[in-house]
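*Asks:* Here is what each chain is made of, one letter per residue.
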Amino acid sequence: MGLTPLETLIRRARALLPEDGVITDHARLRTYECDGLAHYRVTPALVVIPETAEQLAAIVRCCAELQIPYVARGSGTGLSGGSLPHAEGVLVVTSRLRAIKEVRREDQRAVVEPGVINLDVTRAATPVGYYYAPDPSSQQVCSIGGNVAENSGGAHCLKYGFTTNHVLAAELVAADGDRVRLGGDAPDSPGYDLLGAVVGSEGTLGIVTEVTVRLVRLPEKVVTLLVGFDSTDRAGAAVSAIIAAGIVPAAIEMMDALAIEAAEAAVHCGYPDGAGAVLVIELDGPAAEVDAEYADVVRLCGETGAFEIRTAKTPEERFLIWKGRKSAFAAVGRISPDYIVQDGVIPRTALPEVLRAITELSERSGVRVANVFHAGDGNLHPLVLFDDAVPGAGEAAEEVSRGILDLCLQHGGSITGEHGVGADKAAHMPKMYAAEDLDTMQLVRCAFDPDRISNPGKIFPTPRLCGERPGRRQGAHPLQEAGVAEVF
Amino acid sequence: MSDITVSGVTPGRTEHPASTAEVAEILRAAAAAGESVIPTGAGTKLSWGNPPTSADILLDLSALDQVSEHASGDLIATVGAGMPLARLNEHVATAGQRLALDEAVPGATVGGALATNTSGPLRMLAGTMRDLLIGVTMVRADGVVAKAGGKVVKNVAGYDVGKLLVGSMGTLAVVTEATFRLHPVPQGRRWVSVAARDAAHAAELTQAVLHSQTVPSALEVDATADGTRVDVLVEGRPEGVAGRTAVLSGLLPGAETSDQPPAGWGRYPWDDATASHVGVKVTFRLSGLADVVAAAGGLGMRGSAGVGVAYVAVPAERGIAEIRAVLARLRETAGRHGGSTVVLDAPQAIKEELDLWGPVPALDLMRRVKDEFDPDHRLSPGRFVGGI
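Protein chains in written order, with UniProt numbering: chain Y, 1 to 488; chain G, 1 to 388.
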């Protein structure tokens with residue numbers, strides 16, 4: 001026929017999808033060249049926007065047949081380049097699969113398509129007294145499919161867990177185009193917990209086309225406190241005291257002076273003047289329980305040196321407290337032309353030590369770092385500030401950002417708590433895991449996607465040749481030696 | 001030769017490694033010799049699952065019973081797979097903490113609970129093994145030692161291989177060490193129990209509690225020939241527990257409260273019987289409770305109604321035809337309500353006559369996972385779904 005595989009795919013895609021569901025025009029392709037991590041950009045060869053799971057599965061089947069790589073994308077808000085397109089591949093956009101199929105109060109379940117926006121699940125469940133607990137800061141725009149791929153967290157995962165704890169079942173379009181059901185409406189499906197492996201696999205094990213989530217009862221009472229301290233050390237001590245008292249707040253967030261300054265400049269959230277750190281603490285649950293915990297939290301914050309404790313009296317006041325925290329990333333744009341959002345995890349008790357080390361790193365390099373984090377579970381989001389117009393500033397910021405991840409690993413933590421590895425941190429994986437660990441993870445990849453066409457190049461710095469006998473490989477990967485495989 | 005059997009199959013020999021390195025050494029040698037290996041802890045569930053197709057080595061991990069780390073400020077603990085669950089909980093209780101996972105089978109080890117994914121009433125509060133496990137050290141079939149996850153609760157770096165190992169019955173790798181997130185031991189706890197008139201009434205009461213604002217740690221239904229009971233556990237600060245208990249007493253007219261668990265709490269119904277039983281686990285959507293209680297009928301059922309899990313004991317003396325009929329009835333009911341029916345344990349002669357798992361969706365994909373992890377099928381061969 002003389003058609004290239006890509007031309008064949010385009011022809012088939014046009015037959016399968018509505019006209020505006022197939023994008024080949026270069027200018028329009030470029031609008032998909034990056035996700036929320038905008039400094040990585042790759043123009044995809046083709047963008048498809050299916051409207052049904054059948055269409056999506058048919059496209060993936062064509063990709064498998066033609067050995068064309070594909071990358072799934074939801075709302076494109078990811079912060080690790082997880083949906084960074086492949087230059088010779090297809091970007092499969094799930095945003096038109098956006099039906100909320102069922103909200104079943106009696107079963108505490110909702111069934112949704114992957115393009116449904118996170119907050120819309122909560123909006124659909126609120127009238128019957130329920131909500132969807134995982135709440136990434138981007139919840140007004142991020143999609144459930146993206147949340148499943150990234151195992152998204154959020155401020156409230158300290159108490160309620162992550163996406164993986166709230167997804168009961170999914171329909172997966174496997175890398176061969178087959179549609180398989182994983183998990184079930186009821187718990188403990190017989191056999192391996194494949195769903196547990198798929199959630200958080202960043203689109204490398206397939207694309208979900210339907211997700212069953214757990215709905216959680218809206219709490220009877222919510223109390224939100226804003227607590228000012230003169231230093232991050234004192235704020236950290238308050239966090240430890242609260243946890244040690246056996247209290248599991250819905251959220252404990254910390255911001256340091258620089259992050260507070262940025263938030264004030266951007267959204268005028270009215271945080272305490274002159275604070276070296278603030279904590280946003282939220283308690284929720286049965287009223288009697290929350291009241292008892294509240295008394296303890298106020299006492300513990302006082303004992304650890306809080307100079308101001310403010311409790312939201314109205315929903316507006318609560319909104320303003322959270323607005324300062326949730327807008328912190330974007331707000332940093334007010335005080336710095338450019339910045340890197342880092343995402344690392346440390347054991348919570350290492351917080352004071354790691355914060356001091358970040359300060360030293362910042363002072364030594366002259367690179368400013370604003371700290372915003374989920375203090376309850378040790379998930380740091382340092383914002384590394386720089387001005388790209390200054391020669392060398394970007395590199396210096398990158399180095400500080402890398403240094404922070406090294407600090408996390410030195411303290412037994414993780415290189416990512418919720419943003420994912422994606423394209424951004426694949427090179428860091430060997431610092432956290434031994435070659436054997438990565439090899440073992442890739443056994444899962446080989447079972448699901450032996451040809452590595454589903455989001456190739458993400459998570460793993462070196463691909464594993466599937467079908468190879470485990471543990472007997474020596475030296476460089478054969479594909480790598482042959483110059484076939486990419487090394488990140 | 002010992003008299004221990006794995007579902008009736010006598011292992012060729014038993015090895016007693018005392019470290020991950022020794023496990024690796026044994027598995028490398030077994031790989032070279034083409035020998036099959038069946039990991040075990042306290043041996044409390046060796047009769048579960050299908051009989052293995054081969055059992056050259058029984059790998060007794062009970063000597064891997066150390067606490068490697070208990071970071072109380074971080075609410076995590078890392079322990080050897082051979083550590084009994086009860087001992088782990090005694091250890092972390094000294095810091096006012098607990099692993100919020102019931103010891104469903106007395107004497108069970110961490111590794112055994114992980115391999116069989118057992119759980120009890122507290123799963124309503126904290127989920128199951130998959131929700132509590134944050135890191136794992138395993139030895140693969142080829143003897144390679146690998147880790148997954150880590151020792152921080154929040155971590156999305158790489159695949160969550162630990163979740164694949166949960167409930168895998170030792171067919172993918174040998175777990176030697178596990179890291180868990182812990183929860184604070186609540187200051188107060190109280191049980192609220194009420195008799196239900198029948199299955200429909202029990203379901204009605206269960207729904208009332210589910211939609212209330214009392215956030216129970218557990219919501220159980222215990223149906224026997226003597227009647228059906230709904231039991232709710234609330235935990236928290238003493239003032240909070242008092243307030244929530246009062247709300248529950250209003251929702252459940254005639255309820256009694258106690259600071260002690262009701263009889264049979266967290267035990268499989270067959271644990272109470274002396275004669276041998278077929279132990280069945282049924283799962284269902286929450287709205288299917290009344291039908292499941294009705295399908296169990298005079299046999300009764302006990303389980304976590306608040307999450308959709310129940311256990312049914314079928315006396316072995318009923319005979320194979322009736323046991324099959326019960327299983328078919330439960331399977332049809334559970335299937336109608338989005339769940340499954342699995343035979344956990346049964347006398348060997350009966351087990352051989354039964355389909356233990358029922359329909360298993362995505363079985364092909366599961367076989368591919370098995371083939372990648374254990375291409376020669378030497379780890380607990382045949383014990384799991386579809387003969388994996």
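Simulated from the structure, these hints should not be mistaken for lab results.
Be aware that a few hints might be false.
Said to hold, decoys possible - Derived CB-CB ranges, DEER-like:
no.: 1; chain 1: G; residue 1: T274; chain 2: Y; residue 2: K221; range: 43 to 53 Å
no.: 2; chain 1: Y; residue 1: I309; chain 2: G; residue 2: S258; range: 33 to 43 Å
no.: 3; chain 1: Y; residue 1: D296; chain 2: G; residue 2: A18; range: 40 to 50 Å
no.: 4; chain 1: G; residue 1: A242; chain 2: Y; residue 2: E54; range: 51 to 61 Å
no.: 5; chain 1: G; residue 1: D259; chain 2: Y; residue 2: A295; range: 39 to 49 Å
no.: 6; chain 1: Y; residue 1: K101; chain 2: G; residue 2: T274; range: 43 to 53 Å
From a predicted model like this one, the values you see are computed outputs, not experimental measurements.
Every residue, glycine too, gets a C-beta built ideally from N, C-alpha and C.
*Asks:* For every hint, state whether the structure bears it out.
*Replies:* We went through each hint and held it up to the structure:
Judged by the Cβ atoms, the range 43 to 53 Å given for T274 of chain G and K221 of chain Y holds: they are separated by roughly 49 Å. Our hint of 33 to 43 Å for I309 of chain Y and S258 of chain G holds, since their Cβ atoms are close to 38 Å apart. Take D296 of chain Y and A18 of chain G: their Cβ atoms lie about 44 Å apart, and the range 40 to 50 Å holds. Distance hint check: the CB atoms of A242 of chain G and E54 of chain Y are about 55 Å apart, consistent with the given range 51 to 61 Å.
Under the hint 39 to 49 Å, the C-beta atoms of D259 of chain G and A295 of chain Y, about 23 Å apart, miss the expected range. With their beta carbons about 49 Å apart, K101 of chain Y and T274 of chain G fall inside the hinted range of 43 to 53 Å.
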